[in-house]
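S.K.: As a plain string of letters, each chain reads:
Number of protein chains: 2
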Amino acid sequence: MDAKISTQKSIGTKHSILDKTLEIIRGKWRLHIIYQIGTEVRRYGELRRMIPQVSEKVLIQELKSLMNLGVIEKKIYNEVPPRVEYALTSKGRQVLPILLKLTTVGEVFLK
Amino acid sequence: MDAKISTQKSIGTKHSILDKTLEIIRGKWRLHIIYQIGTEVRRYGELRRMIPQVSEKVLIQELKSLMNLGVIEKKIYNEVPPRVEYALTSKGRQVLPILLKLTTVGEVFLK
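Here the protein sequences come in this chain order: A and Y. Anchor point for the first sequence: position 52 equals 52 in the numbering used here, and the numbering is continuous, going up by one each time. Anchor point for the second sequence: position 11 equals 11 in the numbering used here, and the numbering is continuous, going up by one each time.
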């Protein structure tokens, strides 16, 4: 493989890694949701209360996207009424420290 | 201040820090641009070549937004033809390591 092709391949790989990162954090709510679930397992109603600015429709849609991406998982307990809880997956827990560190960026630019 | 108000204030502050963070990294291109400028000062033409998927219109608009946010700065050299270079500001350089670490998130989820 000559150097030029190798460099192009390397730039391509970097782009797809970055694109995957952006998929996980994109939009106004995904990081908010990850932060709230990150510290402990959350019931749906708790998430509603903790992120009151988001509409019910968008919250449900973003929870679904984060599940499809493998960042969070839903556990349904066979109780009456049924209990539904959200938790980070093991990959989600693995990247949580990096995502938490991101708030430093906001802090620096709010100064 | 009672405990409830204090908690609500703390959640409010966290939200605005996170919102500022999201402003800086939002969209498909800002992180791409920051990464390319991060390693060294870049001329406009170089950025065009390094991120070929972005349209000229959007690249110019995103460079302007990043300048307004104080992440990058433009230097115009009085040469013929004029030389225009983009570099990170000192705040931009300060947060670059955190933003670079973000690619780990994509790596974990591409596995």
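Because the hints were derived from the structure by calculation, they are not lab data. Just to be clear, a hint being listed does not mean it is correct.
Where chains are identical, the list cannot tell them apart; a pair therefore holds if satisfied intra-copy or between any two copies.
[Said to hold, decoys possible] Derived pair list, reagent style DMTMM-like, types lysine to aspartate or glutamate, alpha-carbon separation capped at 20 Å: (1) 91 / 107; (2) 20 / 46; (3) 20 / 107; (4) 74 / 107; (5) 101 / 79; (6) 74 / 56.
S.K.: Each of the hints needs a verdict: does it hold here or not?
M.R.: Quick rundown of the hints versus the structure:
1. Proximity of residue 91 to residue 107 under the C-alpha cut-off of 20 Å is restricted to the inter-copy arrangement: shortest distance 10 Å between copies versus 26 Å within a copy.
2. When the C-alpha separation of residue 20 and residue 46 is checked against a cutoff of 20 Å, the pair qualifies neither within a copy, at 28 Å, nor between copies, at 24 Å.
3. For the homomeric pair residue 20 and residue 107, the shortest alpha-carbon distance between copies (8 Å) is at most 20 Å, but the shortest distance inside one copy (25 Å) is not.
4. Taking CA atoms no more than 20 Å apart as the test, residue 74 paired with residue 107 passes in neither setting, with 32 Å inside one copy and 23 Å between copies.
5. In the homo-oligomer, the alpha carbons of residue 101 and residue 79 never lie at most 20 Å apart, since the shortest distance is 37 Å inside one protomer and 42 Å across protomers.
6. Within a single copy, residue 74 and residue 56 get their C-alpha atoms as close as 17 Å, which meets the 20 Å cut-off; across copies the closest is 42 Å, which misses it.
The structure is inconsistent with the numbered hints 2, 4 and 5, although it conforms to all the rest.
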